[in-house]
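Visitor: Chain by chain, the residues run as shown.
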Amino acid sequence: MNAPTYNFAYLDEQTKRMIRRAILKAIAIPGYQVPFASREMPMPYGWGTGGVQVTAAILGPDDVLKVIDQGSDDTTNAISIRKFFGKTAGVATTTSTTDATVIQTRHRIPEASLHAGQVLVYQVPIPEPLRFLEPRETETRRMHALAEYGLMHVKLYEDIARFGHIATAYAYPVKVNARYVMDPSPTPKFDNPKMDNCAALQLFGAGREKRIYAIPPYTTVVSLDFEDHPFTRYRFNAPCALCGADDSYLDEIVTDDKGGRMFVCSDTDFCEQRQAAGHHGTESAAPHKEKAHV
Amino acid sequence: MTTIAEMPAGFADKVLSAQSTFRSVMDAMARPGSVQRVAADVGTPAGMMRGAAAIALTLFDHDTPIWLDGAMSTTPDVARWLKFHASAPVVADPSIASFALIGDAANLPALERFAFGSGEYPDRSTTLILQVDSLTQGPAFELKGPGIDGRAVLQAMIKPRDLFQRLSINEGLFPRGIDVVLVHDDSIVAIPRTTRLIASGV
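Each protein sequence line maps, in turn, to chains A and B. FYI, the numbering for the first sequence is 71 to 364, going by my numbering. FYI, the numbering for the second sequence is 1118 to 1319, going by my numbering.
These aren't lab readings, by the way, just hints derived from the structure by calculation. Careful, some of the hints might be misleading.
[To be verified] Each pair of labels, with its calculated beta carbon distance range:
#, chain 1, residue 1, chain 2, residue 2, range
1, A, Glu-83, B, Val-1208, 45 to 51 Å
2, A, Ala-239, B, Val-1208, 45 to 51 Å
3, A, Arg-232, B, His-1179, 51 to 57 Å
4, A, Thr-352, B, Arg-1154, 48 to 54 Å
5, A, Ala-182, B, Arg-1230, 46 to 52 Å
6, B, Ser-1285, A, Pro-205, 35 to 41 Å
7, B, Arg-1230, A, Glu-83, 29 to 35 Å
We put the beta carbon where it would ideally sit given N, CA and C, even for glycine.
Use the sequences and the hints to build the structure in full.
Guide: Below you can see the structure in the form of structure tokens.
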């Protein structure tokens, strides 16, 4: 029996055409969620089927693909998606942020700034920022049509009333090109400023929810806030234990059952590049504190 | 009467030609005013430029009603070629078309005749594919908007001289609106609905 052969990058051509048309409309209407006929993929929902379909529709044989999951090139999800495209499209893969032309990401934006030739593809679980405030799709659609976003500000205000500050730490809502309120996918709000005026094209794919949206390069992306409670990002108040970086987003790694913990860069490529350049951290546990980092 | 044997070919390599053409269109749409090239080998029916033919084979299929202008429908060649290679239905009513192919841009109908989409679904709009005389020479158009770092300058010979004035309806309509792809030979430039004209020289 012959081994099964797939079309280039797995998807059939009709599906790619449908996704490509949705991507073009998404770019033309920044932040608007374009419905598309999401297909079943050979991986479960929640593993990035939306991002995989967007990547499959844009990928060409000359592309260099990088896949990250929570900033890491080495997790199961990242490795399996990278292998999937290595096998079905035969593309070159890399872990270097600067060498990649297409970067598929789950829940992080790389620390290294992106350049004009790159496309960043986000995996999105729930694309509708208003979904937990208004469950009806017909209503959220109308709210977007009328730019009626008061409810989102009420939600942020309730954070302040209850906790004294805006406690939303990830999937922090943004306004794109001064029109659509958009969910940046569950990235930490530390990453929100990187989306603003970015040189690379940003595409978002939600497979289960069947939506594609986009931010063109050099587009204003503003995190929602209040005059007296301006948007702030935060990080653990510690340098990376491996590379000593004090400006990167950190993961907390529990090292024993006596309360020992380390803070290391979530972006593995960024951390490895710094270590290769001779930067070293203390490799010890650091005090757990949070600080505003503007 | 053209027989199938006489019909111009489609893409030499369906999969990779469509992919490279799409990336050119995507880059054009993401960077309005920039000139992108279509490298794919493609046959063209009479009256159709290479860029327009490649875009048609990349984006059209049975789901996309196509509207052809007078210049594209003087002979049945274009409609027959689209039907054979893309199975795309050709419709007489531009207000239900996903794409409109404009061969003679000087006679571009009023934009109101095309679909703008709705407030809830602004993506259900017509994309115009407009063949123009040049995308490297001619009057300069200074553009701004998402995808443009500051401002972009496009030099082009566009037949409806007032195209950008007509497209200014996009400003009031947004998020509804019309997206345009300008084609000359194998060069393409996209003007999505968010792009604004700052100034036009002579």
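Visitor: Decide, hint by hint, whether the structure agrees.
Guide: For each hint, the structure was consulted:
In this structure the hint that Glu-83 of chain A and Val-1208 of chain B lie 45 to 51 Å apart at CB is violated, the actual value being about 23 Å. The hint said 45 to 51 Å for the Cβ distance between Ala-239 of chain A and Val-1208 of chain B, and at roughly 50 Å that hint holds. For Arg-232 of chain A and His-1179 of chain B, the hinted distance range of 51 to 57 Å is satisfied, since their beta carbons lie about 53 Å from each other. With their beta carbons about 52 Å apart, Thr-352 of chain A and Arg-1154 of chain B fall inside the hinted range of 48 to 54 Å.
Roughly 48 Å separates the CB atoms of Ala-182 of chain A and Arg-1230 of chain B, a value that falls within the hinted 46 to 52 Å. Separation of Ser-1285 of chain B from Pro-205 of chain A is about 38 Å and conforms to the stated range, judged on CB atoms against 35 to 41 Å. Checked against the given bound of 29 to 35 Å, the beta carbons of Arg-1230 of chain B and Glu-83 of chain A, roughly 31 Å apart, stay inside it.
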